[in-house]
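**Student:** Chains as they are written, first to last, in our numbering: chain A, 389 to 686; chain B, 464 to 829.
To be clear, the hints were calculated from the coordinates, so they are not data collected in a lab. Built from N, CA and C at the ideal position, the CB exists for glycine as well. Every clue listed holds true.
Looking from chain B toward chain A, a few residues come up when the C-beta cut is under 7 angstroms (computed):
1) I612
2) W616
3) I617
4) F620
5) Y624
6) I748
7) M788
8) R790
9) E793
10) L797
11) I798
12) A801
13) P803
Over 12 angstroms on every C-beta distance to chain B, these chain A residues come out as not near it, computed from the model:
14) T444
15) V527
16) L528
17) G573
18) S596
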Amino acid sequence: MSSAYLWGLLFFSLHAMVPITLAAVGEVIGETAGLFNIGLEGIMLTAALTGALGATQGGWPLGLLVGLATGLLIGLIFGLISTYAKGDQLIVGIGVNLFALGFVAFGLTLLGSPGFYIVPAASRLPKIHTAVGNLSPLVLVAVILPFLVYWLLNYTQLGLKLKAVGEQPAAADVAGLRVNALRLGATACGAALAGLAGAYLSIDWLGSVTKEISAGRGFIALATVVFAGLNPLLTLLGGIIFGFFDSLATWVANIPGVKEAVPWQMISMLPYVVTLLVVAVIGRVHFPSALGKPYSRE
Amino acid sequence: MARLSAKLAAIPGLRPVGESSLAGLIGMILGALLLLLYKFNPLLAYESLFAGGFGSLYGWAESLANATPLILTALTFAVGLRGGLFNIGAEGQVYVGALAAVATGLLPVPAALRLIVTLVLALAAGALWGLVPALLKMTRGVHEVISTIMLNWIAYFFAFYLIAHTLSSPLNGSRTIRIPPAARFGVILPGTDLNYGILVSILLALLFYFLLWRTTVGFELRAVGYNPRAAHYAGMDEHSIGHWAFLLGGVSAGLAGAVQLMGRPPSYAILSGIPQLLNLGFDGIGVAMIGRNHPLGILLAAVFFGGLEAGGRTMELVAGVPLEMVRVVEGLILIALAVPELGRFLTYLRHLNPLELLSRQRRRAD
Numbered sequence: 389m390s391s392a393y394l395w396g397l398l399f400f401s402l403h404a405m406v407p408i409t410l411a412a413v414g415e416v417i418g419e420t421a422g423l424f425n426i427g428l429e430g431i432m433l434t435a436a437l438t439g440a441l442g443a444t445q446g447g448w449p450l451g452l453l454v455g456l457a458t459g460l461l462i463g464l465i466f467g468l469i470s471t472y473a474k475g476d477q478l479i480v481g482i483g484v485n486l487f488a489l490g491f492v493a494f495g496l497t498l499l500g501s502p503g504f505y506i507v508p509a510a511s512r513l514p515k516i517h518t519a520v521g522n523l524s525p526l527v528l529v530a531v532i533l534p535f536l537v538y539w540l541l542n543y544t545q546l547g548l549k550l551k552a553v554g555e556q557p558a559a560a561d562v563a564g565l566r567v568n569a570l571r572l573g574a575t576a577c578g579a580a581l582a583g584l585a586g587a588y589l590s591i592d593w594l595g596s597v598t599k600e601i602s603a604g605r606g607f608i609a610l611a612t613v614v615f616a617g618l619n620p621l622l623t624l625l626g627g628i629i630f631g632f633f634d635s636l637a638t639w640v641a642n643i644p645g646v647k648e649a650v651p652w653q654m655i656s657m658l659p660y661v662v663t664l665l666v667v668a669v670i671g672r673v674h675f676p677s678a679l680g681k682p683y684s685r686e
Numbered sequence: 464m465a466r467l468s469a470k471l472a473a474i475p476g477l478r479p480v481g482e483s484s485l486a487g488l489i490g491m492i493l494g495a496l497l498l499l500l501y502k503f504n505p506l507l508a509y510e511s512l513f514a515g516g517f518g519s520l521y522g523w524a525e526s527l528a529n530a531t532p533l534i535l536t537a538l539t540f541a542v543g544l545r546g547g548l549f550n551i552g553a554e555g556q557v558y559v560g561a562l563a564a565v566a567t568g569l570l571p572v573p574a575a576l577r578l579i580v581t582l583v584l585a586l587a588a589g590a591l592w593g594l595v596p597a598l599l600k601m602t603r604g605v606h607e608v609i610s611t612i613m614l615n616w617i618a619y620f621f622a623f624y625l626i627a628h629t630l631s632s633p634l635n636g637s638r639t640i641r642i643p644p645a646a647r648f649g650v651i652l653p654g655t656d657l658n659y660g661i662l663v664s665i666l667l668a669l670l671f672y673f674l675l676w677r678t679t680v681g682f683e684l685r686a687v688g689y690n691p692r693a694a695h696y697a698g699m700d701e702h703s704i705g706h707w708a709f710l711l712g713g714v715s716a717g718l719a720g721a722v723q724l725m726g727r728p729p730s731y732a733i734l735s736g737i738p739q740l741l742n743l744g745f746d747g748i749g750v751a752m753i754g755r756n757h758p759l760g761i762l763l764a765a766v767f768f769g770g771l772e773a774g775g776r777t778m779e780l781v782a783g784v785p786l787e788m789v790r791v792v793e794g795l796i797l798i799a800l801a802v803p804e805l806g807r808f809l810t811y812l813r814h815l816n817p818l819e820l821l822s823r824q825r826r827r828a829d
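The shape of chain A in the complex, shown without the other chains (with noise of 0.2 angstroms):
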């Protein structure tokens, strides 16, 4: 087997992880915090579509920014109804993910497009040339990210008050922090990260948009946060393992003889199902007492 077989493996785990890792990070500080935002899958995939076409229009730089800003206005929307309003996470979450089906496939149509919308290639992010072939610069934010984060959390002050408005929102409410303002802001900042992660894909790794573009990416962060326990260095490793089975899938399916062999609808299973055992291995993992609860004085 020639090397070069070997780093298209490498390179291809390593871009298959940004979605998942950048995801996942970002619910980190959310459920730190104690929102469980269900609907990242749904961020994904309307930032995927919103960021194309902010690319289109004028630039990557755009296009990321504009990935951005949708996941942090759909955080918004989230944080505030299961914050100040009260109201269930998990069928907010719910609702943002069906919400995002429709939209994309309607404004996929609208684009005259219906099925797949290709990004410019002059509005796709510039690759970092190496010798063995082309990274996406957000492979390093993705790498780099999950250790920000770990300071952030453990080593400030604004991640000791995140910690306590997720363990303990009462005491914290009494220490004087402003519960729902901070779960909000935490809840927000992940989702404009899962909303990144979508970008990443239309404008950056993948370079179109489809109906089922985040192919489930959104729900294997949330696994992938399960596998971490809230430590988002190990989101990094959870990102890379699942980064290795997609691309494991997409290689194993180009080469002759194994491609005969084993039906790729098998494979395609690969990541789900090593998702799965991985989870039920760790099985059951602290979460902060809070998460999922809105708060509310009594």
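Got chain A sorted already, so can you dock chain B onto it with the hints?
**Tutor:** Relative to chain A, chain B alone:
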């Protein structure tokens, strides 16, 4: 007037109906704003949407046909939530039930028994698939949201595999073998998709109502969902109750997949890409939420969703609005429904006595 509003408040079930209707209205208004943004005529769009879904006998038949599987997948989510579980695995269980229904065609079964055997095998397959997240949760503490989503994707690719290989039709590569005629539900209104499969859905909704509100298991299930700690101290076994919730959910979703294939003309087979099964499970969640996780509410909400779907095609033709707009509105309705303040708003509205308002205005005018 005050007496009337007090009387209205006393009617059980009126409040949830009011809240769902209000959420529906808000979702539609937000959808209309989105339509305006894209320079469509929202009035024309909604008029054609409802005319298509409920404006004719044909429309009603199509709406009811669409509601048939949605009732079942909504029951899956509802029975889970009543038991305190967020079971979003109906999607995958539908696929598995549909595959089992098609696979039954390969078995030697007497024609007289074919319909019932097909249904039983499909519900068993759905139940088995539904038990996996139950076991993972009870033994390993895996959250059901994660496990059911993963199982949905596994079922998805498994379906693609079986459609292309084991169950593939020798005559037509783009679909599975057909459900044998003996296992098909007859069409109720010729020329439409409405078939006797809807009886299975209605029957199951009634059965779930009976199970949840008239049996001990149902009582315990609701108790565990309402307050797990109290249920625990009352001596209820949360684990076995959790298994029941997943099992019943799997049965219902498995039947949804089967009924969708056994009833809807003309294919009576799974087409490649599973277009007729896709999103039935996820739409069921919306139906369950709008139906307030009550079997009777679900029947109404499913007809509403089924009507939106049926009318969507008319809307596309008449107003030029893409069919997908329907799902955008559904999502917005759900988001609106999640806001508990809606309920408080309704209470507020009830206190606004029109006569009093009038006299207040008069006083201000004086």
